[in-house]
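J.: With these hints in hand, go ahead and build the complete structure from the sequences.
Numbering (numbering that gives the first Met the number 0), first residue to last: 0 to 391.
Hints are not guaranteed to be accurate.
[Stated by the list, open to error] Only pairs whose alpha carbons sit at most 20 Å apart, straight line, appear in this in silico EDC-like list of lysine to aspartate or glutamate:
1) 165 / 194
2) 233 / 46
3) 180 / 195
4) 180 / 359
5) 388 / 235
6) 279 / 308
7) 208 / 195
8) 321 / 166
9) 279 / 268
10) 21 / 35
11) 314 / 194
12) 20 / 31
13) 364 / 280
14) 105 / 46
15) 122 / 14
16) 188 / 359
17) 310 / 166
Since the hints were made in silico from the structure, they are not lab data.
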Amino acid sequence: MREPCIVAVSDAKIDERGCSKKDSSVLSIQKDCAIEALEKTGLSFSDIDGLAVAGLWGMPGPGVMQPNVLTEYLGISYPKWLDGTNTGGSAFIFHLQHAYQAIKNKVCNNVLILYGSTQKSKKERNFLDRPAIFSSQFDMVAGLPSPVGAYALAAQRHMYEFGSNKETLAEIAVAARNWAKLNPNAYKKDNLTIDDVINSQAICSPLSKLDCCLVTDGGGAIVMSNTDRISDFKNDPIYIRGFGETSSHSSINYMEDMSKLDVAIKSSEDAYNMSKISPKDIDFAMIYDSFTITVLMSLEALGFCEIGEGKDFVKNGNLGPKGSFPINTNGGGLSYCHPGMYSIFTLIEACRQLWGHCGERQLKKNLTNVLCHGTGGVLSSAATAILSKESI
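T.: Here it is, written out as structure tokens:
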């Protein structure tokens with residue numbers, strides 16, 4: 000039976016400043032990643048009949064219609080399926096799930112999922128000049144920093160409800176750094192301690208500088224195809240066993256309960272139900288780490304520990320290279336890269352771990368199932384995908 004699958008991935012190289020190579024553009028980054036990924040398959044651009052892309056580039060202007068721009072730039076001839084869904088940083092897991100459905104139902108055969116950003120080298124990241132309209136009129140005019148202020152509110156509430164603290168969050172940042180030290184393409188590889196995180200510059204209480212994701216350039220590509228062409232692929236196919244997606248709000252003041260991540264609870268329930276896999280069957284996880292609090296709340300919501308028990312689950316380096324539950328083995332958005340929207344990198348690293356392509360940071364045990372989870376906006380949207388070496 001024809002099964003959609005991931006057959007190749009690629010990520011852009013960044014230098015010691017966290018920037019892409021000189022004279023790169025968001026388009027050239029995506030093209031270079033696409034070429035590198037396609038070289039690992041029996042496919043070429045002429046075989047691509049589906050395209051998904053999201054980003055913050057080119058808006059206002061042609062970036063409003065990013066699938067059109069990439070179709071033109073890459074020379075893809077009349078694609079049968081396009082997706083420009085933008086739910087914030089979670090968007091690429093949404094794309095994966097939509098592409099799965101399109102391939103499964105024979106709308107298209109081979110899909111490229113792309114992302115590129117030059118936000119650091121071109122100094123493009125600026126949320127402060129956005130108009131305070133729609134629901135944001137109630138928080139931006141009050142001076143809430145965007146997006147860190149929203150995550151700080153959630154962190155404060157979690158600490159109040161469940162007794163987590165700054166040391167809890169610092170454990171997450173240190174684990175990410177310890178993984179990044181094993182990743183040649185990671186931006187931050189210097190040593191990091193719990194005290195370093197706690198004592199770093201305050202940004203928005205209770206979050207400090209090292210609780211916050213990086214600002215870098217970057218990009219990536221994912222090639223999805225189907226098992227009808229399995230003999231063409233250089234990599235074993237990686238199957239999408241289950242997925243779920245949802246959203247609940249745009250502005251943080253409409254989040255129903257800031258102490259728990261309901262969107263992740265709901266998206267992961269759908270993923271577990273579809274896959275018939277439970278949290279105990281997951282070998283490792285790739286979890287969007289826009290801020291340390293995002294990881295803490297996600298671990299609880301995804302069922303790896305009970306709500307409120309994350310503070311104990313992350314202790315003693317449990318998420319790091321010497322821990323019992325590894326996550327974000329590339330270093331995550333906290334230490335590897337964060338070009339503005341991160342979830343594509345959760346998928347890229349998950350595939351590389353399943354293929355055994357991770358070098359020094361390769362997990363040693365026999366891997367079968369990985370959960371990838373993306374959070375978008377200000378804890379607004381969620382997408383969960385369970386990838387596996389085993390088909391349904």
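J.: Now tell me if each hint is right for this structure.
T.: Status of the hints after comparison with the structure:
1. Note on residue 165 and residue 194: the hinted pairing holds, with a Cα-Cα distance of about 10 Å set against a maximum of 20 Å.
2. Of the pairs offered as hints, the one joining residue 233 and residue 46 holds, with about 16 Å between alpha carbons and a cut-off of 20 Å not exceeded.
3. Pair hint residue 180 plus residue 195 holds up; C-alpha atoms about 16 Å apart against a cutoff of 20 Å.
4. Between residue 180 and residue 359 the alpha-carbon distance is near 10 Å, which keeps this suggested pair within the 20 Å criterion.
5. Simply put, residue 388 and residue 235 have alpha-carbon atoms about 8 Å apart, close enough for the 20 Å limit, and the pair holds.
6. For the hint linking residue 279 to residue 308, the alpha-carbon distance of about 16 Å falls within 20 Å, and the restraint holds.
7. The hinted pair formed by residue 208 and residue 195 meets the criterion: a straight-line CA distance of about 10 Å does not exceed 20 Å.
8. A C-alpha spacing of about 18 Å is found between residue 321 and residue 166, which places the hinted pair at or below 20 Å, so the restraint holds.
9. Restraint check for residue 279 and residue 268: satisfied, since their Cα atoms lie roughly 14 Å apart, inside the 20 Å limit.
10. For the hint linking residue 21 to residue 35, the alpha-carbon distance of about 18 Å falls within 20 Å, and the restraint holds.
11. For the proposed pair residue 314 and residue 194, the alpha carbon gap of about 14 Å is at most 20 Å, so the pair holds.
12. With a C-alpha separation of about 11 Å, the suggested pair residue 20 and residue 31 falls inside the 20 Å cut-off, and the hint holds.
13. As the CA atoms of residue 364 and residue 280 are separated by approximately 13 Å, the hinted pair is consistent with the 20 Å bound.
14. With a C-alpha separation of about 14 Å, the suggested pairing of residue 105 with residue 46 holds against the 20 Å cut-off.
15. The hinted pair formed by residue 122 and residue 14 meets the criterion: a straight-line CA distance of about 16 Å does not exceed 20 Å.
16. Distance check on the hinted pair: residue 188 and residue 359 sit about 14 Å apart at the alpha-carbon level, within 20 Å; holds.
17. Taking the CA atoms of residue 310 and residue 166, the gap is about 9 Å. The hint holds against a cut of 20 Å.
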